[in-house]
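Asker: What follows is the residue order along each chain.
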Amino acid sequence: MAENVPVLIGLVLVAVAGTGAVLVRDPVRQSFVLSLLGLALAALFLLLQAPDVALSQLAVGSALTPLMVLLSVRKVRRKARSERREEHE
Amino acid sequence: MNGWTAAGTALLLCGVAPAACATATGPVSRRVPAQNLTTTLLSLVFLLLAQGFGRTAYVDTALVLSVLGPAGTLLYVRLLADRLAARPPRPRSLLATTALNYVAVPAVVVPLCFATGPGRALVKLLVIGGLLVLGSRTASRAVTAAVTAGHGLAGSAEGMSDG
Amino acid sequence: MSVLPYLCAGWLFLIGCYGLATSRNLIHAVGCLAVCQSATYVLLLAVGYRHGGTAPVFSDIAPGSRPVVDPVVQALTLTDIVIGATVTALLLSLVIQIAKRHRTVDPDELSELRG
Amino acid sequence: MSMRLRLWVLAAGVLGTATLFVLACAELPGFGGTWHPYGDRAVHAALARHTANTIASVNFDQRALDTLGEESILFGSVLGTLVLLRQTRDERRLPPEPARVAPPVRRYALIALPVTLLIGLYVVAHGQLSPGGGFQGGVVVATSLHLLYIAIDYRALERIRPVGLYEVADAAGEAGYLLIGAAALLTGAAFLTNFLPYGTFNTLSSGGTVPLLNAAIGVEVAAGIVVLLARFLDQAVEIVSGRDEAEDET
Chain Y
1 MAENVPVLIG LVLVAVAGTG AVLVRDPVRQ SFVLSLLGLA LAALFLLLQA
51 PDVALSQLAV GSALTPLMVL LSVRKVRRKA RSERREEHE
Chain H
1 MNGWTAAGTA LLLCGVAPAA CATATGPVSR RVPAQNLTTT LLSLVFLLLA
51 QGFGRTAYVD TALVLSVLGP AGTLLYVRLL ADRLAARPPR PRSLLATTAL
101 NYVAVPAVVV PLCFATGPGR ALVKLLVIGG LLVLGSRTAS RAVTAAVTAG
151 HGLAGSAEGM SDG
Chain P
1 MSVLPYLCAG WLFLIGCYGL ATSRNLIHAV GCLAVCQSAT YVLLLAVGYR
51 HGGTAPVFSD IAPGSRPVVD PVVQALTLTD IVIGATVTAL LLSLVIQIAK
101 RHRTVDPDEL SELRG
Chain W
1 MSMRLRLWVL AAGVLGTATL FVLACAELPG FGGTWHPYGD RAVHAALARH
51 TANTIASVNF DQRALDTLGE ESILFGSVLG TLVLLRQTRD ERRLPPEPAR
101 VAPPVRRYAL IALPVTLLIG LYVVAHGQLS PGGGFQGGVV VATSLHLLYI
151 AIDYRALERI RPVGLYEVAD AAGEAGYLLI GAAALLTGAA FLTNFLPYGT
201 FNTLSSGGTV PLLNAAIGVE VAAGIVVLLA RFLDQAVEIV SGRDEAEDET
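First to last, the sequence lines map onto chains Y, H, P and W. Under our numbering, think of the first position of the first sequence as 1, with each following residue one higher. Under our numbering, think of the first position of the second sequence as 1, with each following residue one higher. Under our numbering, think of the first position of the third sequence as 1, with each following residue one higher. Under our numbering, think of the first position of the fourth sequence as 1, with each following residue one higher.
A portion of the hints provided could be inaccurate.
Stated by the list, open to error - Chain Y side only, calculated, beta carbon under 10 Å to chain W, not exhaustive:
no.: 1; residue: Leu64
no.: 2; residue: Ser72
no.: 3; residue: Val73
To be verified - Facing chain Y, from chain H, some residues (calculated, C-beta under 8 Å):
no.: 4; residue: Thr9
no.: 5; residue: Ala24
no.: 6; residue: Gln35
no.: 7; residue: Thr38
no.: 8; residue: Thr61
no.: 9; residue: Leu79
These aren't lab readings, by the way, just hints derived from the structure by calculation. Think of the CB as a built atom: it goes at the ideal place given N, C-alpha and C, for glycine as much as any other residue.
Just chain Y, with the same shape it has in the complex (with noise of 0.2 Å):
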């Protein structure tokens, strides 16, 4: 049982990011929460023993997906804002 214990905190870490970034509903709140759920997979995979996994989810979740969610949002609000000004002309 002790051999499993690392594997069970890992999967715990990754329910709860996963709860936690689809509980988030701010977009730009749930970025961090994302690249948290990545940064979990990530530990979750090496002690699965899946080193190049591991790798790949690192590679993918800490910088390029918040970077690409983070754009979108900005673009999305520039969006709503000038929206919301011809509301008010």
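Given the coordinates of chain Y, work out where chains H, P and W should sit on it, guided by the hints.
Answerer: For chains H, P and W alone, coordinates are given in the frame of chain Y:
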């Protein structure tokens, strides 16, 4: 399960998990330094696990995280500069995070250096340690700079003002 | 313990589906889809795991000296993670297009526009 | 559909799926079992072909056709994003103002850029030996270039990043994979057969076509992600529609 794996697991549970909690909750000004701390501690966990599993090949994951982690933090600082400026982090908590970074890196890397002995693996370890320290130092400075210069940035065309 | 990782994968999938169904922001929905996707990674790698095994990478250990985990599922997962990121990019660009055309990213408002 | 009705439908679906999934889990081989028939054969085959990293061997040799499919999905989604995020007629480019970046951040990024690039290339090049490969390394290489956006500003990034060239590189990576696969046909073997000499185990040139296919994937992933992020950055930083522009001027 040997001592290194146990230490790695303990750091994962007692170091990474609380840092991750701080990243997931609270204002952006707390999330950004906490995100940096999470990636630093996680690279250290990877190093410990690599030693525990007896696989030097696993060290590559820590190497990649030691450069991409700070890149992610700087990205948040850059794209959320106005939010950082709106509610600046308390200098004391920022200082504590940085200090924790500085303490944790040598506390893990130095014993690992003794365990690996001289060779290519030692150089790799020292490079990772150096990158981690440099990365966390830059991250905390970037947060401070964004807070002080933030009000000017928020007004520019690139600032993401969202009310 | 013998089914726990599978259940964790199932939980990730279902919670992701819940988020997709109740999301009020398409960018958030894309994030929920990423959670669903990660369920498949956990399931695949859990199926391939072997107690006491190590990675089937023989650059630093001699072949046959230690039991190894299943490389096939790892190969499937690692390509899918990078592909998944580009598909996420495609979905986000669809969201940007929707925001341009309809000036909203709330799926409920969008269906009202159509109806 | 009202929110309440939707939640009921969701609850029914979730309960049904959960029940079936739990029943299926009971029949799956237990976690951590010793029975891995495919895995054992894949390891055996990889060692027979002198590839130290079995996962790379599975990806680029034993199941290379599968990877071709995956790669095509990547190519297709990059193409789709390019089309969706192109500059339309009612939009125009507004060059962003130069951003002020703290000197320590700039110094760090200028040091970290070559280091990250080097690590990315290392991860690609050692794909057939140690953990890593074209998929992972390509993403790291692409990320490293974007440190310039963080460190200086968007115009500095644009200067070293001729998007057209990266679009060509993306296509070249995809074509390279196909051509290496087709080259096997010339030797009389099947498509994507590993036809080159296997080399010495655990050296950079081992594994026959594995390092070549790995490099092709690396080029494609790196170029593809640079092009993707270029479109996202263009949209978020530079391109504005008529209405946005009016707002920015006020």
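Asker: Indicate, hint by hint, whether the structure satisfies it.
Answerer: Consistency of the hints with the structure:
{"no.": "1", "hint": "Leu64", "verdict": "holds (6 Å)"}
{"no.": "2", "hint": "Ser72", "verdict": "holds (7 Å)"}
{"no.": "3", "hint": "Val73", "verdict": "holds (9 Å)"}
{"no.": "4", "hint": "Thr9", "verdict": "holds (4 Å)"}
{"no.": "5", "hint": "Ala24", "verdict": "holds (5 Å)"}
{"no.": "6", "hint": "Gln35", "verdict": "holds (6 Å)"}
{"no.": "7", "hint": "Thr38", "verdict": "holds (6 Å)"}
{"no.": "8", "hint": "Thr61", "verdict": "holds (5 Å)"}
{"no.": "9", "hint": "Leu79", "verdict": "holds (5 Å)"}
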